[in-house]
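S.K.: If you're matching them up, the sequences are chains A and B in order.
If you read the first sequence in my numbering, its first letter stands for residue 1, the second for the next number, and so on.
If you read the second sequence in my numbering, its first letter stands for residue 1, the second for the next number, and so on.
Just so you know, not all the hints are guaranteed correct.
Any copy will do: because identical chains look the same in the list, a pair fits if it lies in one copy or spans two.
[Stated by the list, open to error] SDA-like mimics (lysine to any residue), calculated; alpha carbons at most 20 Å apart, straight line: (1) Lys88 with Arg194; (2) Lys50 with Leu187; (3) Lys22 with Thr96; (4) Lys50 with Asn145; (5) Lys22 with Arg157; (6) Lys50 with Val39; (7) Lys22 with Glu85; (8) Lys50 with Glu38; (9) Lys22 with Glu180; (10) Lys22 with Val146; (11) Lys88 with Ala34; (12) Lys22 with Ile139; (13) Lys22 with Ala34.
No lab work stands behind these hints, which were simulated from the structure alone.
Remember, predicted model here, so these are calculated numbers, not experimental data.
This is what each chain is made of:
Protein chains: 2
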Amino acid sequence: MYEGAVQDLIDELGRLPGIGPKSAQRIAFHVLSADQAEVRRLVDALTEVKARVRFCSLCGNIAQEELCRVCRDPRRSLATICVVEEPKDVVAIERTREFRGRYHVLGGAINPIAGVGPDDLRIRDLLTRLADGSVTEVILAMDPNVEGEATATYLARMLVPLGLTVSRLASGLPVGGDLEYADEVTLGRALEGRRRISA
Amino acid sequence: MYEGAVQDLIDELGRLPGIGPKSAQRIAFHVLSADQAEVRRLVDALTEVKARVRFCSLCGNIAQEELCRVCRDPRRSLATICVVEEPKDVVAIERTREFRGRYHVLGGAINPIAGVGPDDLRIRDLLTRLADGSVTEVILAMDPNVEGEATATYLARMLVPLGLTVSRLASGLPVGGDLEYADEVTLGRALEGRRRISA
Numbered sequence: 001m002y003e004g005a006v007q008d009l010i011d012e013l014g015r016l017p018g019i020g021p022k023s024a025q026r027i028a029f030h031v032l033s034a035d036q037a038e039v040r041r042l043v044d045a046l047t048e049v050k051a052r053v054r055f056c057s058l059c060g061n062i063a064q065e066e067l068c069r070v071c072r073d074p075r076r077s078l079a080t081i082c083v084v085e086e087p088k089d090v091v092a093i094e095r096t097r098e099f100r101g102r103y104h105v106l107g108g109a110i111n112p113i114a115g116v117g118p119d120d121l122r123i124r125d126l127l128t129r130l131a132d133g134s135v136t137e138v139i140l141a142m143d144p145n146v147e148g149e150a151t152a153t154y155l156a157r158m159l160v161p162l163g164l165t166v167s168r169l170a171s172g173l174p175v176g177g178d179l180e181y182a183d184e185v186t187l188g189r190a191l192e193g194r195r196r197i198s199a
Numbered sequence: 001m002y003e004g005a006v007q008d009l010i011d012e013l014g015r016l017p018g019i020g021p022k023s024a025q026r027i028a029f030h031v032l033s034a035d036q037a038e039v040r041r042l043v044d045a046l047t048e049v050k051a052r053v054r055f056c057s058l059c060g061n062i063a064q065e066e067l068c069r070v071c072r073d074p075r076r077s078l079a080t081i082c083v084v085e086e087p088k089d090v091v092a093i094e095r096t097r098e099f100r101g102r103y104h105v106l107g108g109a110i111n112p113i114a115g116v117g118p119d120d121l122r123i124r125d126l127l128t129r130l131a132d133g134s135v136t137e138v139i140l141a142m143d144p145n146v147e148g149e150a151t152a153t154y155l156a157r158m159l160v161p162l163g164l165t166v167s168r169l170a171s172g173l174p175v176g177g178d179l180e181y182a183d184e185v186t187l188g189r190a191l192e193g194r195r196r197i198s199a
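Pulled out of the complex, with its shape left as it was, chain A reads as follows (with noise of 0.2 Å):
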């Protein structure tokens, strides 16, 4: 519909995931009507992630070097890893500020309509990290839905016969939430998990 370069745009803009038709248009005719320097800021964005970020060769996360933030930092005991999908999963953790451990992304969750079985995740590199006992600990945290419960059991019946303490993330009612509208599944593992107070 748009002259060659401004279709050109939209139709890659639409390729981006959440970004519809209507979308592509909008951010097009504000790429059009910017300043040239704000644009090359976000190729120079774009060109640099393609060329600077790269896997952390031991846990999987995003890395601008051969170790990502996390394992670089000598502080961080080695003696816990927390098991997560996704690198933005280690960002969502390092908010919390509660983890002084390191991580291990495993690049997905077990999904065989997907096609996405154990092999396909980093599975065989966690052995290895376990593999000179110096973790004693284990945190699954998948996502609470079907596919991350089947990747925490799976690797829970892998671990524990190692000898490791494997926990997994605690499922109840979201703090701020209300009882009230709390879905069935969410309120039963809140009984179910509920936590006995000492006097």
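Following the hints, complete the assembly by docking chain B onto the known chain A.
M.R.: Okay, now just chain B, sitting in the frame of chain A:
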């Protein structure tokens, strides 16, 4: 939160209209795992748009040459000009395949709150185009909202005394709409603009 290049990309994406922090993060991760070629195409499209696209020197529509596609087309009538607010409105009207005249893009609408007055729009250029008398009809195709109405009223007051046929797009029920759910202003316009059916 993320290492250098990834955070830079998230920040730049977050500056685009309609992209919040979560979408920016999602797109950044898509870019990270996308083919080098796909990212290259997006980067090229962004660069090309800034390098090649400009505004038609006659009508103000987006163009890749001195004149836009419509103004270059000798089959388009010179007698009718359709005045719109933005280049995307040209595309919307072209899509109907009902209009065979030329366009004039104002670059916005009169909006005193946002500080946009008649002098900020391409109204002087429109009067210049009308000066030689080859144009006989002007269609005012502003958006049917307060700013669009104000702009249309302003232009009509200026153009009618020149002896031109001046019209405004019909306002009424959208095709496929439901009378019951129409808002009262739209329904009022539909009544006001009712058309007699000849036997």
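S.K.: Would you mind marking each hint as holding or not holding in the structure?
M.R.: Now for the hints, and whether the structure bears them out:
1. Lys88 with Arg194: neither (29 Å within a copy, 57 Å between copies)
2. Lys50 with Leu187: The answer is neither: 43 Å in one copy and 53 Å across copies each exceed 20 Å.
3. Lys22 with Thr96: So Lys22 and Thr96 pass the 20 Å test across copies only (17 Å; inside, 36 Å).
4. Lys50 with Asn145: Answer is neither: 31 Å inside a copy and 44 Å across each miss the 20 Å cutoff.
5. Lys22 with Arg157: Result: close neither inside a copy nor across copies, 47 Å intra and 34 Å inter.
6. Lys50 with Val39: Both, since 17 Å and 8 Å are each at most 20 Å.
7. Lys22 with Glu85: between (32 Å within a copy, 17 Å between copies)
8. Lys50 with Glu38: both (19 Å within a copy, 11 Å between copies)
9. Lys22 with Glu180: Classified as neither: same-chain Cα gap 38 Å, cross-chain 28 Å, threshold 20 Å.
10. Lys22 with Val146: So Lys22 and Val146 fail the 20 Å test inside a copy (33 Å) and across (23 Å) alike.
11. Lys88 with Ala34: Classified as between; 16 Å across copies, 30 Å inside a copy.
12. Lys22 with Ile139: This pair counts as neither: shortest intra-copy Cα distance 42 Å, inter-copy 25 Å.
13. Lys22 with Ala34: Within one copy, since 18 Å is at most 20 Å while 23 Å is not.
In summary, the structure is inconsistent with hints 1, 2, 4, 5, 9, 10 and 12 from the numbered list given earlier, while agreeing with the others.
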